[in-house]
Structures are given as structure tokens and as C-alpha cells.
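Put together the whole structure using the sequences plus the hints.
For the record, the sequence lines run as chains A and B.
FYI, numbering that gives the first Met the number 0 numbers position 31 of the first sequence as 30, with every residue one higher than the one before it.
FYI, numbering that gives the first Met the number 0 numbers position 47 of the second sequence as 46, with every residue one higher than the one before it.
It should be emphasised that the hints constitute simulated quantities derived from the structure, not laboratory data.
Ideal placement from N, C-alpha and C gives every residue a C-beta, glycine not left out.
Be a bit skeptical, because a hint or two may be false.
For each label pair, taking beta carbons as the anchor points, the in silico distance ranges come out as [as the list claims (entries may be wrong)]:
id, chain 1, residue 1, chain 2, residue 2, range
1, B, 22, A, 32, 51 to 59 Å
2, A, 59, B, 53, 26 to 34 Å
3, A, 24, B, 112, 34 to 42 Å
4, A, 93, B, 68, 37 to 45 Å
5, B, 276, A, 87, 54 to 62 Å
6, B, 118, A, 32, 36 to 44 Å
7, A, 4, B, 276, 58 to 66 Å
SDA-like, lysine to any residue: derived pairs with alpha carbons at most 20 Å apart [stated by the list, open to error]:
id, chain 1, residue 1, chain 2, residue 2
8, B, 41, A, 86
9, B, 112, A, 95
10, B, 165, B, 117
11, A, 67, A, 94
12, B, 41, A, 18
13, B, 41, A, 34
14, B, 41, A, 96
15, B, 210, B, 112
16, B, 112, A, 93
17, B, 112, A, 96
18, B, 41, A, 93
19, B, 185, B, 280
20, B, 105, A, 27
21, B, 41, A, 6
22, B, 112, A, 34
23, B, 41, A, 92
24, B, 41, A, 50
25, B, 41, A, 12
26, B, 117, A, 94
27, B, 41, A, 88
28, A, 67, B, 19
29, A, 50, B, 54
30, B, 41, A, 91
31, B, 112, A, 90
32, A, 67, B, 165
33, B, 41, A, 13
34, B, 112, A, 87
35, A, 50, B, 53
36, B, 112, A, 7
37, B, 41, A, 11
38, B, 117, A, 67
Here are the chains, one letter per residue:
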Amino acid sequence: MNGVRQNAHAGTLESSDVFVQVFPHNHGVEIELNSDVEEIYGDAIHELTHKTLKRMKIDNVRLVIQDKGALDFVIKARLQTALLRAIGNESIDWSTL
Amino acid sequence: MKLRRSMLFVPGSNTAMVCNAFIYKPDTVMFDLEDSVALSEKDSARLMVYHALGHWAYANIETAVRVNPLESPYGILDLEAVIRGGADIIRLPKTDTVEDVLVMEKEIERIEKACGRKEKIKLLAAIESAQGVVNAVSIASCSDRLMGIALGAEDYVRDLRTERTKEGSELTAARSQILLAARAAKINAFDSIFSDVKDKEGFIKEAEYIKGLGFDGKSLINPNQITLLHKVYAPSEDEIEWALEVIEAAKEAKTKGLGVVSLDGRMVDAPIIARAEWTLARAEASGLLGERA
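Okay, here's the thing in C-alpha cells:
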């Protein structure tokens with residue numbers, strides 16, 4: 000299990016991007032999603048987020064995701080960047096990404 | 000025959016460009032993790048490129064990545080991401096010596112083995128200094144992973160203590176040396192970027208000049224330059240007709256069991272056939288062959 004030790008963020012609020020904020024949290028996973036395409040892709044973004052957290056073995060975290068119509072691989076990249084920054088590890092376990 | 004006329008630089012930190020670069024159909028997309036990415040965003044650009052490499056949009060287009068130098072804190076992490084992500088080519092920046100290539104090659108082999116990658120990633124060495132130009136001949140032939148060498152003119156002119164001009168005389172020696180080194184080693188040669196994206200006339204003039212010298216292609220920084228460059232590399236109607244006749248004559252010679260054949264009084268042999276094939280490859284890539292092929 001990886002622990003989120005500090006606040007962190009990644010991404011931008013530009014079109015086609017997503018801005019992800021990560022906060023330490025002690026009571027499971029909490030996700031706040033604001034997306035320009037929430038009605039259509041909201042469920043898919045939630046699913047992608049949970050899968051990403053599971054692979055990275057993160058059980059406790061609060062995420063604020065502001066999506067500006069990003070493709071799935073962009074969301075994954077931004078989530079992982081923000082989470083790795085919050086974990087604070089220098090090394091990367093590529094099998095979890 | 001893989002055409003590499005256009006290599007489009009795409010900053011790894013520019014999400015919109017990373018998502019859309021494939022639409023412009025350059026021959027090769029060159030994701031950049033080096034100079035165009037701020038130090039604070041090296042980690043995010045690396046992961047963006049890692050995931051873009053695996054995306055369907057880049058499944059049918061050649062991908063290269065310019066990584067940070069190995070002596071920087073980012074070089075090894077970049078290599079890990081790029082090799083595992085599935086890039087076709089690594090662009091090695093600031094290649095001054097054979098040793099630079101061999102050290103990189105050793106790290107690549109280690110990572111390929113660790114992640115079980117079967118297909119060997121190729122290398123493109125960027126020559127960006129006087130020392131690199133002087134060593135270009137030995138650099139070009141030092142590794143079977145090398146698919147080409149490229150001139151990085153911005154750093155090169157700084158090293159030479161001069162400025163880049165539209166006319167380009169300051170690059171004459173480097174272009175000649177890099178082209179000869181590449182041809183002697185039977186690998187590709189790529190010219191540097193043309194940075195004034197508004198100057199179409201100047202770009203076309205430079206593209207015609209480097210094509211005439213023999214360069215395979217050019218690095219580009221703006222998608223608008225792709226069509227202009229491909230037009231410069233597109234063969235003329237006469238060239239296409241000539242190439243089709245050569246290929247036909249060569250086929251006839253083969254059927255008759257002849258080593259050489261004459262076309263309009265000129266001998267058609269292996270170098271002529273190779274030139275004709277190169278012309279037809281460019282014609283096909285430019286959509287000029289139609290139903291004639």
C-alpha cells in the first residue's frame with residue numbers, strides 16, 4: 000500500500016487537459032469530479048480513476064479532478080503524475096502505471 | 000522503403016499537441032522531453048509521452064522521443080519510459096563522441112532486457128557541436144541501432160560563435176560532414192529546424208537546398224511546415240514517368256535473364272533502379288501515383 004503524504008497537483012485547465020489535485024485522506028477514496036463532458040464520460044473517468052488507484056495500491060486519498068475534455072491517456076498520465084508527486088517517491092515501479 | 004522527410008517536434012508538456020500531432024501525418028512524430036519542457040514538468044511530460052506512445056493514435060505512425068542527457072537527473076527515467084512505452088526511435092541529444100552513443104546503448108540494452116522488449120529500439124544521434132561534427136564519421140558507424148544522424152543547428156552555431164542566417168552559410172561545413180558521414184554508414188541524414196514559422200518562402204528555399212544536398216528529411220517545429228516540405232520532396236511528373244519506365248525495363252530484363260537493359264539509349268543498372276524506386280516511394284507517399292503503379 001502506498002501512502003499519500005502531501006498535497007500535490009498535475010495538469011492544466013486548458014482545453015483537452017485535466018487538472019488533478021491530490022490530498023492526504025484517512026477514510027478511503029473520495030473523488031470530486033468536474034468535467035465539461037461529465038454526462039457522457041463521467042462514469043468512465045470514475046472507473047479509470049479507481050483502476051489507476053488500485054494499480055498504484057493507493058487506498059486512502061482525496062482527489063479533485065477538473066476535466067477539460069481530456070483523452071483517457073491524458074487523464075491517466077495526469078493522475079499518475081499527481082499521485083507520484085503526492086507519494087514523494089523518487090523511483091518508479093513501472094508495473095503499476 | 001521508409002520515408003523520413005518530416006520529423007515533427009512535439010513538446011511532451013503540450014497536451015493539445017501530444018493529442019493532435021498524428022492528425023498532421025508527419026513521417027515521424029518526435030516527442031520532446033528535453034529543451035521544450037520546463038524542469039518542473041519533466042515528470043509530467045515523461046508520463047504523458049509514455050501513455051501517448053501506447054495510444055491507438057500512434058499505432059501506425061513512427062514515433063521518436065528526444066530524451067534528456069544521461070548525465071542529467073532525468074535521462075535514465077526518460078529512457079525507462081520511452082523503451083517501455085514502445086517508441087521506435089530515441090533521439091540522443093548533444094552527441095559529441097562515439098562514447099556518448101555507446102553509453103546510451105548500454106543503458107538501452109539493460110532496460111530492454113529488464114522489461115522484456117523484443118524489438119530493438121533505434122537510435123538517432125543529434126550532432127550539435129563542433130566536436131560532434133568533427134566526430135560525425137565515427138559516430139555514424141559506431142552502433143547498429145543508429146538509423147540516422149541529425150544536425151542540431153541552434154546549439155551548433157552557438158558553439159561555433161556565430162549566428163544562424165536565412166542563407167545558411169554558417170552550416171555548410173556541418174551539413175556536408177553530416178551528410179557524408181550518414182551516407183558512408185548507410186544511415187539517414189536529417190537537417191535542422193527552420194525556426195521562423197511565418198517565413199514560408201524561406202522555409203521552402205532551405206528545404207529545396209537540403210533536398211538537393213541529399214538529406215532524407217528535416218526536423219520541423221510547426222505542423223504547417225509538413226505539407227510544404229512534402230511538396231518539396233514530391234517528384235515531378237517527368238521524374239515519375241521516368242521511374243515507372245525504369246522499373247518496367249528492369250522487370251523486362253529480369254524476365255529475359257539480362258543483367259542490364261537499355262532505356263532511351265542509357266544503361267539501366269542497380270543504382271538507377273534504386274533511384275527509380277526512391278522516386279516512386281516519394282510519389283506514392285505524396286499521393287501522386289494514382290492507379291499507375
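Hints and how they fare:
{"no.": "1", "hint": "B:22 with A:32: 51 to 59 Å", "verdict": "violated (28 Å)"}
{"no.": "2", "hint": "A:59 with B:53: 26 to 34 Å", "verdict": "holds (29 Å)"}
{"no.": "3", "hint": "A:24 with B:112: 34 to 42 Å", "verdict": "holds (39 Å)"}
{"no.": "4", "hint": "A:93 with B:68: 37 to 45 Å", "verdict": "violated (21 Å)"}
{"no.": "5", "hint": "B:276 with A:87: 54 to 62 Å", "verdict": "holds (56 Å)"}
{"no.": "6", "hint": "B:118 with A:32: 36 to 44 Å", "verdict": "holds (38 Å)"}
{"no.": "7", "hint": "A:4 with B:276: 58 to 66 Å", "verdict": "holds (60 Å)"}
{"no.": "8", "hint": "B:41 with A:86", "verdict": "holds (17 Å)"}
{"no.": "9", "hint": "B:112 with A:95", "verdict": "holds (18 Å)"}
{"no.": "10", "hint": "B:165 with B:117", "verdict": "violated (44 Å)"}
{"no.": "11", "hint": "A:67 with A:94", "verdict": "violated (28 Å)"}
{"no.": "12", "hint": "B:41 with A:18", "verdict": "holds (17 Å)"}
{"no.": "13", "hint": "B:41 with A:34", "verdict": "violated (26 Å)"}
{"no.": "14", "hint": "B:41 with A:96", "verdict": "holds (17 Å)"}
{"no.": "15", "hint": "B:210 with B:112", "verdict": "violated (39 Å)"}
{"no.": "16", "hint": "B:112 with A:93", "verdict": "holds (14 Å)"}
{"no.": "17", "hint": "B:112 with A:96", "verdict": "holds (19 Å)"}
{"no.": "18", "hint": "B:41 with A:93", "verdict": "holds (17 Å)"}
{"no.": "19", "hint": "B:185 with B:280", "verdict": "holds (18 Å)"}
{"no.": "20", "hint": "B:105 with A:27", "verdict": "violated (43 Å)"}
{"no.": "21", "hint": "B:41 with A:6", "verdict": "holds (19 Å)"}
{"no.": "22", "hint": "B:112 with A:34", "verdict": "violated (41 Å)"}
{"no.": "23", "hint": "B:41 with A:92", "verdict": "holds (17 Å)"}
{"no.": "24", "hint": "B:41 with A:50", "verdict": "violated (24 Å)"}
{"no.": "25", "hint": "B:41 with A:12", "verdict": "holds (18 Å)"}
{"no.": "26", "hint": "B:117 with A:94", "verdict": "holds (17 Å)"}
{"no.": "27", "hint": "B:41 with A:88", "verdict": "holds (15 Å)"}
{"no.": "28", "hint": "A:67 with B:19", "verdict": "holds (15 Å)"}
{"no.": "29", "hint": "A:50 with B:54", "verdict": "holds (17 Å)"}
{"no.": "30", "hint": "B:41 with A:91", "verdict": "holds (14 Å)"}
{"no.": "31", "hint": "B:112 with A:90", "verdict": "holds (19 Å)"}
{"no.": "32", "hint": "A:67 with B:165", "verdict": "violated (40 Å)"}
{"no.": "33", "hint": "B:41 with A:13", "verdict": "holds (18 Å)"}
{"no.": "34", "hint": "B:112 with A:87", "verdict": "violated (27 Å)"}
{"no.": "35", "hint": "A:50 with B:53", "verdict": "holds (17 Å)"}
{"no.": "36", "hint": "B:112 with A:7", "verdict": "violated (33 Å)"}
{"no.": "37", "hint": "B:41 with A:11", "verdict": "holds (15 Å)"}
{"no.": "38", "hint": "B:117 with A:67", "verdict": "violated (37 Å)"}
Checked against the numbered hints above, the structure violates hints 1, 4, 10, 11, 13, 15, 20, 22, 24, 32, 34, 36, 38; every other hint is satisfied.
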